[in-house]
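Protein chains: 4
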Amino acid sequence: MSKIVVVYHSGYGHTQRIAQTVAESAGAQLIAIDAEGNLKDEEWATLAAADAIVFGSPTYMGTVSWQFKKFADASSKAWFGQAWKDKLAAGFTNSASMNGDKLSTLHYLFTLSQQHSMVWVGTGLMPSNSKAAKRDDVNYVASFSGLMTTTPSDASPDEMIAGDFATAKAFGERIKAVAARWVRSA
Amino acid sequence: MSKIVVVYHSGYGHTQRIAQTVAESAGAQLIAIDAEGNLKDEEWATLAAADAIVFGSPTYMGTVSWQFKKFADASSKAWFGQAWKDKLAAGFTNSASMNGDKLSTLHYLFTLSQQHSMVWVGTGLMPSNSKAAKRDDVNYVASFSGLMTTTPSDASPDEMIAGDFATAKAFGERIKAVAARWVRSA
Amino acid sequence: MSKIVVVYHSGYGHTQRIAQTVAESAGAQLIAIDAEGNLKDEEWATLAAADAIVFGSPTYMGTVSWQFKKFADASSKAWFGQAWKDKLAAGFTNSASMNGDKLSTLHYLFTLSQQHSMVWVGTGLMPSNSKAAKRDDVNYVASFSGLMTTTPSDASPDEMIAGDFATAKAFGERIKAVAARWVRSA
Amino acid sequence: MSKIVVVYHSGYGHTQRIAQTVAESAGAQLIAIDAEGNLKDEEWATLAAADAIVFGSPTYMGTVSWQFKKFADASSKAWFGQAWKDKLAAGFTNSASMNGDKLSTLHYLFTLSQQHSMVWVGTGLMPSNSKAAKRDDVNYVASFSGLMTTTPSDASPDEMIAGDFATAKAFGERIKAVAARWVRSA
Numbered sequence: 001m002s003k004i005v006v007v008y009h010s011g012y013g014h015t016q017r018i019a020q021t022v023a024e025s026a027g028a029q030l031i032a033i034d035a036e037g038n039l040k041d042e043e044w045a046t047l048a049a050a051d052a053i054v055f056g057s058p059t060y061m062g063t064v065s066w067q068f069k070k071f072a073d074a075s076s077k078a079w080f081g082q083a084w085k086d087k088l089a090a091g092f093t094n095s096a097s098m099n100g101d102k103l104s105t106l107h108y109l110f111t112l113s114q115q116h117s118m119v120w121v122g123t124g125l126m127p128s129n130s131k132a133a134k135r136d137d138v139n140y141v142a143s144f145s146g147l148m149t150t151t152p153s154d155a156s157p158d159e160m161i162a163g164d165f166a167t168a169k170a171f172g173e174r175i176k177a178v179a180a181r182w183v184r185s186a
Numbered sequence: 001m002s003k004i005v006v007v008y009h010s011g012y013g014h015t016q017r018i019a020q021t022v023a024e025s026a027g028a029q030l031i032a033i034d035a036e037g038n039l040k041d042e043e044w045a046t047l048a049a050a051d052a053i054v055f056g057s058p059t060y061m062g063t064v065s066w067q068f069k070k071f072a073d074a075s076s077k078a079w080f081g082q083a084w085k086d087k088l089a090a091g092f093t094n095s096a097s098m099n100g101d102k103l104s105t106l107h108y109l110f111t112l113s114q115q116h117s118m119v120w121v122g123t124g125l126m127p128s129n130s131k132a133a134k135r136d137d138v139n140y141v142a143s144f145s146g147l148m149t150t151t152p153s154d155a156s157p158d159e160m161i162a163g164d165f166a167t168a169k170a171f172g173e174r175i176k177a178v179a180a181r182w183v184r185s186a
Numbered sequence: 001m002s003k004i005v006v007v008y009h010s011g012y013g014h015t016q017r018i019a020q021t022v023a024e025s026a027g028a029q030l031i032a033i034d035a036e037g038n039l040k041d042e043e044w045a046t047l048a049a050a051d052a053i054v055f056g057s058p059t060y061m062g063t064v065s066w067q068f069k070k071f072a073d074a075s076s077k078a079w080f081g082q083a084w085k086d087k088l089a090a091g092f093t094n095s096a097s098m099n100g101d102k103l104s105t106l107h108y109l110f111t112l113s114q115q116h117s118m119v120w121v122g123t124g125l126m127p128s129n130s131k132a133a134k135r136d137d138v139n140y141v142a143s144f145s146g147l148m149t150t151t152p153s154d155a156s157p158d159e160m161i162a163g164d165f166a167t168a169k170a171f172g173e174r175i176k177a178v179a180a181r182w183v184r185s186a
Numbered sequence: 001m002s003k004i005v006v007v008y009h010s011g012y013g014h015t016q017r018i019a020q021t022v023a024e025s026a027g028a029q030l031i032a033i034d035a036e037g038n039l040k041d042e043e044w045a046t047l048a049a050a051d052a053i054v055f056g057s058p059t060y061m062g063t064v065s066w067q068f069k070k071f072a073d074a075s076s077k078a079w080f081g082q083a084w085k086d087k088l089a090a091g092f093t094n095s096a097s098m099n100g101d102k103l104s105t106l107h108y109l110f111t112l113s114q115q116h117s118m119v120w121v122g123t124g125l126m127p128s129n130s131k132a133a134k135r136d137d138v139n140y141v142a143s144f145s146g147l148m149t150t151t152p153s154d155a156s157p158d159e160m161i162a163g164d165f166a167t168a169k170a171f172g173e174r175i176k177a178v179a180a181r182w183v184r185s186a
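Residue numbers (our numbering), protein chains in the order written: chain X, 1 to 186; chain V, 1 to 186; chain Y, 1 to 186; chain E, 1 to 186.
Among the hints, a few may not be true.
[Stated by the list, open to error] With a cut-off of at most 25 Å between alpha-carbon atoms, the simulated SDA-like pairs for lysine to any residue come out as follows:
#1 K134/E to D51/E
#2 K85/E to K131/E
#3 K3/E to E42/E
#4 K131/V to Q16/X
#5 K169/V to Q82/E
#6 K131/X to R135/V
#7 K131/E to D51/Y
#8 K131/E to E173/Y
#9 K131/X to K85/V
#10 K131/E to R184/Y
#11 K85/X to A96/X
#12 K169/E to K176/V
#13 K77/E to E36/X
#14 K134/V to E36/V
#15 K176/Y to S130/Y
#16 K176/X to R184/Y
#17 K77/X to W84/E
#18 K176/V to A35/E
#19 K3/Y to S130/Y
#20 K134/X to S25/V
#21 K77/X to A155/Y
#22 K176/X to A83/X
#23 K85/V to K77/E
#24 K176/Y to E36/Y
Since the hints were derived computationally from the structure, they do not count as laboratory data. All values reported here derive from a predicted model rather than from experimental measurement.
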């Protein structure tokens, strides 16, 4: 069975709820980057042992939060020895706006994964974009490279969009299926 | 007075309506790239004489249409001599989805402008992203680097979103104001 | 055994030599996009039957050539039915400069692959960037997301950089290894 | 006269030398982001009073350092009130490799500037990329969107590339000229 780890930073609890949904759906372990951008040694060890790593961060000012970036910078230790080579990678991000440069965040998570020589899997989801489309449809936000969710700027973690959870669940299932296939063949 | 030119490709008429709205609002001349990706000689001359060029294209399969790209490739003639250096640049794109990789298109239009040593101006618009936000709000789609509009996949050019036209109008005004300032100082 | 296909456009023969090197190294079939951006029906069928597709294009004016983009736009047929879902994807680009926005091209090829729900593999190569580094070292150009090669603007296809061919060979081997693993598990 | 400010983070002193060169050439004030990613209040005030802000950061693991990102996140205060609207923006980055995803960093700095409704200016420099090109040529690294410099991984700040300083000087002159024009017209 494949070991999937979701490693994420959440500033106000919204990204955390998405992380939990993805992790539950994918059968993954959850690791939270703390408010100072740090992980514990055993959390680094968990990442080292993973078959797949899913990166998650809010989009702040156009890319990942500084805490996530501090984690990414610290992953240079793993990078030097290419310790994460051939792990599967995926990513997700939450912010207040429909776009709000969330693709910039996903492009960064992809770029990070490629420096680590990981293999990237996206959402595998078609968008819902006809005249009849509703915000609660799966992938209404219409992202391919990774999961995007969109929480209104004044919504608490309890007021997030139902469709975003449905999309996060589908994304978790996608990662689980691809990771299972990838691990089976190792 | 500043000479602003909007040069765009439209596959099915949606991007054309946005181009017209931006041009009217900015006081700009319109140039349509034809279905084979070509411009007439006098249209190239119009671009050469412009103070500001606004690039527009649908997002197809993750970036500008091939016809727009053919125009961009042909602009290498202007590039060799840096004939567009110091012109102001801006960009817009339309597609069916909320995201659908439209930021990839805007990033490309920006990249093109930088090869030409142009100076880039974005929307200058804050997003509408509270719980009370409506799709017809200005910049509901929440784009900064350039204008994004989002037409449902089964909507005709007559069925486009009113808020997108309002956003396009605001974007045109932004370009007009920045171009006026930029030209005044030349 | 995995069926790998390299589909590329080459304007002046340089990208073609890289395509040939990658294909030979990966054990892949080669498909050339013609000067009008078209493929033959049987070439589309070959892509449909592939386990892995490697996309290649020169970088012109900041992203893929218009001929490559025409191919990408035509791939929307496969996209509608998600016919390429779960194929492995990779990409390469050649241009005259050390950077010259080649990462923009690779980001586009990645974006295209994600719309097709493909799984992306990069170079898996560390860069050569010490004081002792030489242009003929493998991955001197230092690209992770895909293969970058750098042919001087006045070099003929016979005058390309030896190190670029060595890097292309290593990239082909990487694709072959990952594709074999991915296919084995299907 | 235009007030130009260079705000940068440097991990090991290389980016600092580039920052100093750009600042001297542009006639700009220098602000260093500290090792914890913080600025002093009076430094924020200096940024608020600037006509042009030049952002600088090393490229670490595929984008700006976490310290630079912490600064960017803290700039959300200025963002809410759009206090930096209409300032000129530009950016630079240093890393060990020829590419090494430096364009990802510049794309981020651009994205940040667009959230702030700033107007972006690039290098305005053609690349040196013929067979006769030398690493000490101006813009040998061939970047348009902003300044890229490339210091070997084992080079001390005293062993940086002469051509990079020449390119940084030309970049500073470019910013100075464009800022002067932009301010004159305010």
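Hints, verified against the model:
1. K134/E to D51/E: violated, 35 Å
2. K85/E to K131/E: Roughly 43 Å between the alpha carbons, so the hint for K85/E and K131/E is violated.
3. K3/E to E42/E: holds, 15 Å
4. K131/V to Q16/X: Holds: K131/V and Q16/X sit about 20 Å apart, inside 25 Å.
5. K169/V to Q82/E: holds, 20 Å
6. K131/X to R135/V: Status holds; Cα separation ~13 Å.
7. K131/E to D51/Y: Distance ~38 Å between K131/E and D51/Y Cα, so the pair is violated.
8. K131/E to E173/Y: violated, 29 Å
9. K131/X to K85/V: Judged against 25 Å, a Cα distance of about 42 Å means the pair is violated.
10. K131/E to R184/Y: Status violated; Cα separation ~44 Å.
11. K85/X to A96/X: violated, 33 Å
12. K169/E to K176/V: violated, 32 Å
13. K77/E to E36/X: holds, 20 Å
14. K134/V to E36/V: Violated, at roughly 38 Å.
15. K176/Y to S130/Y: Roughly 29 Å between the alpha carbons, so the hint for K176/Y and S130/Y is violated.
16. K176/X to R184/Y: Holds: K176/X and R184/Y sit about 18 Å apart, inside 25 Å.
17. K77/X to W84/E: violated, 37 Å
18. K176/V to A35/E: Measuring from Cα to Cα gives roughly 42 Å; hence the hint is violated.
19. K3/Y to S130/Y: Roughly 37 Å between the alpha carbons, so the hint for K3/Y and S130/Y is violated.
20. K134/X to S25/V: violated, 31 Å
21. K77/X to A155/Y: violated, 39 Å
22. K176/X to A83/X: Roughly 22 Å separates the two Cα atoms, so the pair holds.
23. K85/V to K77/E: violated, 34 Å
24. K176/Y to E36/Y: violated, 30 Å
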